[in-house]
Each structure stands twice: as C-alpha cells, then as structure tokens.
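A.B. asks: Top line first, the protein sequences correspond to chains A and B.
Counted from 1, the first sequence has number 21 at position 21 by UniProt numbering; the numbering is strictly sequential.
Counted from 1, the second sequence has number 1 at position 1 by UniProt numbering; the numbering is strictly sequential.
Wrong hints could be hidden among the right ones.
Each pair of labels, with its calculated beta carbon distance range [stated by the list, open to error]:
#, chain 1, residue 1, chain 2, residue 2, range
1, A, Phe81, B, Leu59, 30 to 38 Å
2, B, His178, A, Asp198, 36 to 44 Å
3, A, Tyr77, B, Asp177, 17 to 25 Å
4, B, Ile185, A, Ile112, 14 to 22 Å
5, B, Gln151, A, Asp91, 39 to 47 Å
6, A, Ala28, B, Gly57, 45 to 53 Å
It is worth saying that the hints were derived from the structure and are not from the lab.
We put the CB at the ideal spot given by N, CA and C, even for glycine.
Listed below, chain by chain, are the residues.
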Amino acid sequence: MKNSLQGRDIGICQCPVCQMTNDVSLGACPRCGTQLKCRNYASLQQSWALLITAAVLLIPANVFPITIVTSQGKIAYDTIFTGIAHLIHLDMLPIAIIVFTASIAVPWAKIIGLAIYLTAISFRIPIPKRVLMTGYHIIEWIGRWSMLDLFVISITVALVNMGQLMDAKPGPAATAFALVILFTQLAAKVLDTRLLWDRLEAQDDASRTAENR
Amino acid sequence: MDSHNTTAKDTQVPEDIVLCRACDLVVSKQQLPQGVRALCPRCHTALYDTPYCSINGMLAICLAALFLYFPANLLPVMELHFFGSVRTTTVMGGATAVLEQGYPVVAIAVMVAAVIAPGLLILSILSQILLIKYAIDSKWGRRLLKLLLTQQSLLTQLSMLEIYLISFLVSAFQLSDHADIYFSIGTFCFTMLFLSVLFLLREYDLQHMWSFLDEK
Ligand SMILES: [Zn+2]
Ligand SMILES: [Zn+2]
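Using the sequences and the hints, build the whole thing.
C.D. replies: If you want it as structure tokens, here you go:
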C-alpha cells in the first residue's frame with residue numbers, strides 16, 4: 001500500500017483519447033493532438049449537473065404511462081411499475097425480473113450510486129475508495145442495459161397495430177426514460193475518476209486504520 | 001513545430017511504466033502471458049492486455065459482419081399472427097413506428113443503438129484495417145486513421161446489439177400471451193451479426209491500433 005505514486009506527482013499523465021502516457025509539459029498529445037491535463041476539475045460540476053437533470057427526469061419517467069395498450073376497445077395506460085405488476089400477474093416472472101432490472105433497478109442504482117460517488121468527492125466523505133470504485137465499474141457496465149425497455153417498446157409498437165382490436169403505442173414516459181438513460185450515461189462518462197483518489201487520500205486511510213482496530 | 005519535436009525528446013516518458021486511467025497510479029509494465037489482462041493494483045481497472053489483434057483475421061470477420069448487416073436490418077425479425085392477420089417488423093421498422101407515433105427521441109435512441117452505431121462501427125474497423133494495410137505511409141491515410149481511432153470508443157459504447165437481442169426474447173414472451181409469435185430469418189441474421197461483432201471486438205485492440213501510428 002506504500003507504493004501509491006501517482007502520475008501527477010512526477011508530471012506525467014495519460015491521454016484521455018489514445019491512452020498514450022505523456023509528459024504534461026507537452027501541452028498536447030503527440031499522437032492524437034488531444035489537450036493534456038493532469039485532472040479535469042470541471043468534470044465534477046458537469047457530472048453533478050447531468051446527474052441532477054437525470055434524477056428530475058426520472059420522476060416523469062415513472063409517473064406517466066410508458067405504453068398505451070388498446071385491447072378489444074379497452075384502453076390501458078401502463079407505467080413502468082404497473083407494466084411489471086401486469087407481467088407478474090400473468091405468471092411471467094423471469095420476464096418481469098428482466099424488465100424490472102432494466103427499467104427500475106439499473107436506472108435507480110445508477111443515479112443513487114453516482115450521487116454517493118459525487119458526494120464522496122465533493123464533500124470528502126470517508127467511504128472506502130475501493131467500494132466506490134467497484135460500484136463505479138458496475139454502474140459503467142450495467143448502465144446501457146436500461147435501453148432494453150425502449151427496444152421492447154419499439155418492437156411491440158411496430159407489431160401490434162390492429163386498431164380497436166389490439167393496438168400498442170408508446171406513452172410520454174418513454175421520452176423521459178430515454179433522456180434519463182442519456183444523461184446518466186453522460187454523467188458517468190464525463191467524470192474524471194482520478195479526482196476521487198486525490199481527494200479522499202487522508203480520510204480513507206484513517207477509516208482503514210479504524211477498521212483494523 | 002521544430003521546437004516541439006526537441007521538447008518531445010527531452011520529455012520522453014519511460015517505456016516500462018503505465019498510468020491507471022481511473023486513479024492515476026503509476027504501475028510498472030510487465031510481460032503478460034497470452035489472454036491475461038493486467039489490473040490496477042489499487043482500483044482494479046483494466047490497464048492493458050496482450051493484444052491478440054490479427055489484422056487479417058479481423059478483416060475476415062469484418063467482411064462477414066458487413067455481409068450480415070443488411071439482411072439483419074432489412075429482413076423481418078418477428079412475425080405476429082392474431083386472428084388471421086399477420087404483422088411483421090424489421091429492426092428499422094421498430095424505430096420508424098415509434099417515430100410515426102410522435103416520439104422522435106425514443107426513435108433516435110433505438111435507431112442509433114441498434115442500426116447506425118453498429119453499422120458505423122463495422123465500417124470504421126474495416127477502413128482502419130484497409131488503411132493500415134495499404135495506406136499507412138501516406139499522409140492522408142495516417143490522418144484518416146487517427147480520426148477513426150479517436151471515434152472508436154464512442155461507437156463501441158453506442159452500439160447495443162446484445163441488448164437488442166435480449167429485447168427480441170422479452171417482447172416475444174410478452175406478446176405470446178395475446179398472439180402467436182414467430183421468429184423470422186431476420187432474427188437469425190441479427191444473431192449472426194451480433195456474434196460476428198462480438199468476435200470482432202474481442203480481436204480488436206484500440207491500443208494496438210494506435211501503435212501503428214507510432215511506427216515510422
Ligand atoms: Zn493521445
Ligand atoms: Zn487504478
């Protein structure tokens with residue numbers, strides 16, 4: 001654990017585009033021309049802004065109907081929650097679990113996880129960095145799976161268009177949900193994770209020694 | 001430009017160290033056995049692996065993917081039989097149906113993730129391979145290769161074939177409660193397209209592709 005020399009300490013940094021290791025004094029990456037910076041401090045604010053936008057959009061995404069299904073003249077407005085409840089009611093538990101994961105668990109986990117992560121950096125809260133980083137890797141990997149519900153809606157809408165007999169349309173929540181995915185993905189992508197390892201150095205070591213006691 | 005080159009020589013970074021892109025830790029680079037990936041000792045982010053990046057192998061997979069791309073997107077992927085009426089849809093048809101209902105944001109999301117990004121990804125890798133094979137010495141070839149490599153990680157992130165494949169299954173199960181659902185030839189082509197892109201990206205190594213620009 002002693003060996004924690006960072007690139008910034010010896011004046012080198014990695015190019016964010018082509019991942020070439022360069023001397024910071026070069027100014028621009030000799031291979032791809034990207035501007036070189038040891039840290040992107042503005043990324044923290046940008047990430048917060050995107051995350052808050054996503055959190056606000058999560059409300060219409062869950063409150064408004066995401067699909068409008070007409071079946072034999074009866075019109076049903078399904079939100080994300082009632083859609084899943086409907087699937088459970090029809091004994092389609094595996095599908096219900098997949099849709100629940102993609103449409104509820106993943107977006108919420110992404111927003112709450114990123115909020116914890118950003119709070120830890122902004123307010124220097126002593127949460128072990130290893131835990132935060134593992135969480136971040138998981139968020140990065142599962143984030144895109146929220147797209148599943150939108151794909152399912154597009155296939156359903158294209159197939160089920162038999163007028164009064166049976167018809168499916170997307171609802172306003174679909175747009176909000178698409179934007180939630182966009183903004184959460186951007187919030188995770190824009191953040192310079194190296195900031196976490198700078199800012200929590202002292203606190204985290206303190207919390208680790210406390211655990212050892 | 002000349003002064004820039006001299007500073008570049010003065011500030012040469014040692015070859016055997018690598019920085020973690022997530023936490024900036026200085027890690028000394030070591031020889032790895034085939035198929036092993038080096039992880040950052042501090043935050044466990046993937047650092048580098050041994051490139052298994054055969055240009056000719058990738059070219060073959062790329063052509064196969066390109067060949068599958070059009071039937072996968074233009075042939076019907078699913079059929080719905082409901083009281084005698086039959087409905088079919090294609091991958092592209094899903095996006096346009098949502099657009100017709102007045103949801104352009106959703107339509108663009110579906111279109112980009114399932115149709116445009118995978119197509120551009122295949123075309124981009126194919127052009128990169130051809131440039132490396134035939135035009136690496138020319139100035140325009142190097143410039144174009146640089147441009148394509150800069151966009152590569154964005155295209156990989158935007159292309160979501162694997163998620164679309166799962167969504168076929170989910171919608172088939174959901175609809176099977178109301179109507180008879182049949183998979184069509186398009187589903188087969190789409191699955192094969194997904195597999196070829198999967199193998200292509202497994203073979204592809206962005207770091208290795210960049211290194212072609214270093215060799216003079
Ligand atoms: Zn670069
Ligand atoms: Zn690291």
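A.B. asks: For each hint, tell me whether it holds in the structure or not.
C.D. replies: Here's how the hints hold up against the structure:
1. Phe81(A) x Leu59(B): 30 to 38 Å: The hinted range 30 to 38 Å is violated for Phe81(A) and Leu59(B), with Cβ atoms some 48 Å apart.
2. His178(B) x Asp198(A): 36 to 44 Å: With a Cβ separation near 56 Å, His178(B) and Asp198(A) fall outside 36 to 44 Å, so the hint is violated.
3. Tyr77(A) x Asp177(B): 17 to 25 Å: Between Tyr77(A) and Asp177(B), where Cβ atoms are some 18 Å apart, the hint holds.
4. Ile185(B) x Ile112(A): 14 to 22 Å: 43 Å, violated
5. Gln151(B) x Asp91(A): 39 to 47 Å: With a Cβ separation near 46 Å, Gln151(B) and Asp91(A) satisfy 39 to 47 Å, so the hint holds.
6. Ala28(A) x Gly57(B): 45 to 53 Å: Since Ala28(A) and Gly57(B) have Cβ atoms about 34 Å apart, the given range 45 to 53 Å is violated.
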